[in-house]
Amino acid sequence: MEGTSGGFRKELVGKLLQLHFKDDKTKVSGDALRLVAELLKIFAVAAIRSVRQAQAEDLALVDVDQLEKVLPQLLLDF
Amino acid sequence: MGCEHLEGIQAKHVARCPARGRRDVRAPSCRRGDGLRTWRLKAAVHYTVGCLCEEVASDREIRFSKQTIAAISELTFRQCENFAKDLEMFARHAKRSTINTEDVKLLARRSNSLHDVRDRPQARVYGDSSITVPASLMGQLKYITEKSEELAQFNSEQRAKKKKKLEEENQKPVEPAEAAAAKKDNSSL
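Protein sequence lines, in the order shown, are assigned to chains A and B. The first sequence begins at 1 in this note's numbering and counts up by one. The second sequence begins at 1 in this note's numbering and counts up by one.
It is worth saying that the hints were derived from the structure and are not from the lab. The model shown is predicted, which means the values in this text are computed figures rather than measured ones. Please note that the accuracy of each hint is not assured.
[Unchecked claim] With a Cα cut of at most 27 Å, we get these calculated DSSO-like pairs of lysine-lysine: (1) K85/B - K95/B; (2) K22/A - K10/A; (3) K15/A - K27/A; (4) K15/A - K105/B; (5) K10/A - K105/B; (6) K15/A - K163/B; (7) K25/A - K15/A; (8) K95/B - K105/B; (9) K85/B - K25/A; (10) K66/B - K69/A.
Let the sequences and hints guide you as you build the complete structure.
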């Protein structure tokens, strides 16, 4: 199912979300945490691949210029 | 760099990656007042994004600049804030204090609808034709959602079976008592 083996740990995702909750009582269920971790991974991989795609064939290094080009579309899609 | 999302990215920060101690990984930038907790979380995100970059870069002769990895991890970190706030609002709207999978599915609604139409030429912006297009990345999210729903349904079925079994077992000792009581009533008539 997964093309890439790396990913965001559930514990990390939980802490990341907790950081921005306005209410202290807000919690996240285990399954929801798993899904958010997957969503974040999809987001990061989409950013990485789109930047690589925007990379010209002759350059071996991917730089922020490519990221600037793909950022608007990436953010609109999410 | 004019885009506001790239503000605060300072490439000159050099530090050991807290996760592995690798000197070549640049630390995420932090604004004043962010705090140690935020820095630690950013560093953890940075490390994970770095790993993902390495995986994507490994099948080609390509490298990602440190600034790019830093920028993408900062992006991911900031996107988390949007996710967190939206999820909290969705749960609150449903009068719950615990965020569940329905909230997450609602969060991903836009991505799903965009990439469901496979003929869209823009969908290919994210990937080569040889690698699976994001339609399947979104499909993965859908797949996980379906799987978690299957699991939830399976769990509830198991619980229902257990409950039924317990009820059946509870009725057995009651029956002879009822029969005895009925017998007693009959004899008194």
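Status of each hint after checking the structure:
1. K85/B - K95/B: Given pair K85/B, K95/B holds - Cα atoms ~15 Å apart, limit 27 Å.
2. K22/A - K10/A: holds (20 Å)
3. K15/A - K27/A: Roughly 11 Å between the alpha carbons, so the hint for K15/A and K27/A holds.
4. K15/A - K105/B: holds (20 Å)
5. K10/A - K105/B: Measuring from Cα to Cα gives roughly 17 Å; hence the hint holds.
6. K15/A - K163/B: violated (36 Å)
7. K25/A - K15/A: holds (14 Å)
8. K95/B - K105/B: holds (17 Å)
9. K85/B - K25/A: Measuring from Cα to Cα gives roughly 14 Å; hence the hint holds.
10. K66/B - K69/A: holds (18 Å)
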